[in-house]
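Number of protein chains: 2
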Amino acid sequence: MFEAVEVGAKVEKAAYKKEAEKLRMELLTAQKRLPEAKVPLVVLVSGVEAAGKTTFTNTLLEWLDARGVQVHAPWTPTDEESERPPFWRWWRSLPPAGRAAVFLGSWYSDPIVGRVFKELSEAELDAELERIERFESMLVAEGAVVVKLWLHITKAEQRKRFKSLEEDAETRWRVTEQDWKFHKRYDKFRAVSERALRHTSTGQAPWTLVEATDKRHMTLTGVRAVLDALRARFDAPAAPAPKPAPPPRKASGGKNILRSLDYTLKLSEKEYDGRLAEAQGRIGKLTRRMRKEGRSLTLVFEGADAAGKGGAIRRLTRAMDARLYRVISTAAPTDEERAHPYLWRFWREVPRAGRVTVYDRSWYGRVLVERLEGFCAAADWKRAYSEICEFEEQLVAAGTILRKFWLAITPEEQLKRFKDRELTPYKQYKIGPEDWRNRAKWDGYEAAACEMIEKTSTAECPWVPVEAVDKGWARVKVAETVAEALKSEL
Amino acid sequence: MFEAVEVGAKVEKAAYKKEAEKLRMELLTAQKRLPEAKVPLVVLVSGVEAAGKTTFTNTLLEWLDARGVQVHAPWTPTDEESERPPFWRWWRSLPPAGRAAVFLGSWYSDPIVGRVFKELSEAELDAELERIERFESMLVAEGAVVVKLWLHITKAEQRKRFKSLEEDAETRWRVTEQDWKFHKRYDKFRAVSERALRHTSTGQAPWTLVEATDKRHMTLTGVRAVLDALRARFDAPAAPAPKPAPPPRKASGGKNILRSLDYTLKLSEKEYDGRLAEAQGRIGKLTRRMRKEGRSLTLVFEGADAAGKGGAIRRLTRAMDARLYRVISTAAPTDEERAHPYLWRFWREVPRAGRVTVYDRSWYGRVLVERLEGFCAAADWKRAYSEICEFEEQLVAAGTILRKFWLAITPEEQLKRFKDRELTPYKQYKIGPEDWRNRAKWDGYEAAACEMIEKTSTAECPWVPVEAVDKGWARVKVAETVAEALKSEL
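In the order they appear, the protein sequences are chains R and L. Residues in the first sequence are numbered consecutively from 225, following the numbering used here. Residues in the second sequence are numbered consecutively from 225, following the numbering used here.
Hint data in this document are derived by calculation from the structure and do not stem from the laboratory. Any given hint could turn out to be false.
Where chains are identical, the list cannot tell them apart; a pair therefore holds if satisfied intra-copy or between any two copies.
Said to hold, decoys possible - Taking lysine to aspartate or glutamate pairs in the EDC-like style, the calculated list, with each CA pair at most 16 Å apart, reads:
no., residue 1, residue 2
1, Lys654, Glu286
2, Lys509, Asp392
3, Lys412, Glu273
4, Lys654, Glu250
5, Lys379, Asp411
6, Lys640, Asp529
7, Lys412, Glu346
One chain only, chain R, in its complex shape:
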């Protein structure tokens, strides 16, 4: 692969000057179109040590309008980063629509270096690369232009550059022991990188190899790749505006996981009080142990309006130290959130280790309300199932215990509760025209919920359907499930 960019490509000064002036203009013009097109630009500047990544980045910053660019050059992770899934640091660095981010060092660095120094097996490397592919594929699907540049020089050239830097007292500091350690493993690095590039050079986020021996050639080739990617996006036919999806088909025979629940399940007041108190006691103790062990708990609550999510959540949180938990109520996104992938607003809230986070509605809005109301295209909510699974998998891999509750009631019970809300003064704020509108789409929401449970309930991130006509039964089932989850996973 890399021999293709070891051909001695060179650009003469005069030719460079002419071409650079033109390119610079065109790049700037393309950048100006980002905000209007609502496109975020992600540029990865990767490659061999001493190939000139910093030099290239500086040129790029000089040619672009620097006000729309952010350079990310990750140093060692902070404790806030290392207490979260490894991708959290990348999620939080993503540029909003209309702006650009240049990554000097990226999500490729750790897997490649890890494999070179044998901290990862080949299979582990491949798994990491697959994760990267899914991540980039999501970025592109969410509208980003992703440009991946790999600056390449030969081993001999690298040695020459290190030596020449070392000879000058002014630049000697730039060459570290680490650099020579890498140099020694150049061939291994080359082989691992080739594998990484091959696996992750996709149609939507291809790698551009850049011969970096001649600086002028490197600059022009790299910038051209950015420009071409932007133009390709701008020239692409506009996607049609999303339309409300037709309501999902009803289950044949009227059977589905929600309809097969036993809605008559209930607890007497005495049973309720006893079992709830017992579960709360266990939760109180177990969450303290959880915190000590640096584990986290994430609970997701979904369900029809008036299904009793808030009440069930309050019974849980009462059992916990107030400093430990956070309840996040998912409402309409802000404009910063809208300018990022739909999961970004949940990423940004991912808590540190040792915390409990309870979502009153969640990222599942993508495949429920956004699907039903046509807030996103069919292709968008369809890919969301696997994106959500990937997100949850990362949470779990980072030590989170995850449970998802669907509070299920019957349409008759909902009607009763809506009417009660309208009559009880301090509950009136909970009921409005939107609730009645949603209710009219009951069958659609039910079918979407069933599909969601089918596609996103996994062994580690299971959906727990909760019969919630009897509030006591529902609250106890939720609390006991949480206590059980903590016990079995700690």
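Chain R is fixed; fit chain L onto it per the hints.
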């Protein structure tokens, strides 16, 4: 002070039930008005250990619509927090307009505890309290309703509660060694708290003392305080909409700090090359040392349009490791930023220790463009001078080296540059109708800049006026000033 809430206030069950139902309704109604009124609500739940702060917070959360409330219960600071000014953690927890935040533990905890355990002298405590007062005063001026509750119980009552918690196996964990350590120092704690409350009970953010021996009394009194504060705000006559300020008066005799600069200063190309390279070399070395020592560098660039801020910044950043610096270009705020105090968007970007942050325009927009264009009321930009000084003082106290550059050109030079921009294709994006509009207000901006320099140039956070008609002179002066600042402060 506290004897006033050691009177044995009590509420009977029946009376409580009736009153609670009414209060709850009214509280909810008041909360519903927050978004429309664009008011953020900040509630501090402070007080004696075991007084029931968590219980009260839970009740508050239950009575309010939880979707609009965030509880902050700060644990030990993370390294990301401890590498920044101490107030950073509070800044980043402030609620946006329309929402509420409850602080269980707040900016009062550290100063009070610090004084009780003699880590702070009385004078240091007072200085902290003064800082708090300025902070709260800014919050209120920016539109927040700040409610400060102090839940009080006597020493005997505290002891009784600890003992009773310890007797029950289920609740024993709640009483820590720390609690008994605090109990021993109850009297000291009481005296220090009294001092803190006295110093910080202002008209705009008064303390409400709550006798917390009887839980029902505590609940009603605390909630009433929140409700009263909200109502007082909603009933207050609306502030008149800000009007563009009349252009600041010209300096008498035509003399001012900007006019007295020598705009003929210039460097030959050779001098420029030599001195710039030398300064860049020093900056490269010194910023590495800075990072090692965990210090930070913050540079602010302001000046008329086309004064050469971008060019000067690029000459600086070229000297630095790309992983070290960030250039932040200040443009229009996002809606999340607009929903917070005007400094919030700068607070949220405050870097960790060991970084260089360069602002191409900055928080000084408040007293320049926002003043001139009438984006804020006169009272707002007038108080901004001291708020900005407070902000910068905190940065410096946390180890930041701060320098502020005003790049000064003459109106004639600006005209020349505007015309040049209009003629040079790759510079055209830098010039638009807004630049010409601003130019028409030259005298106003100049006078505002002079006032700003006068009011915000301090020994540790000095303004450096830079003669910038000759770009070479300006760039070298900036680079040499930065090198000098690093050398003298490291």
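Item to complete: Go through the numbered hints given earlier and state which of them the structure violates, listing their numbers in rising order.
Response: No numbers; nothing is violated.
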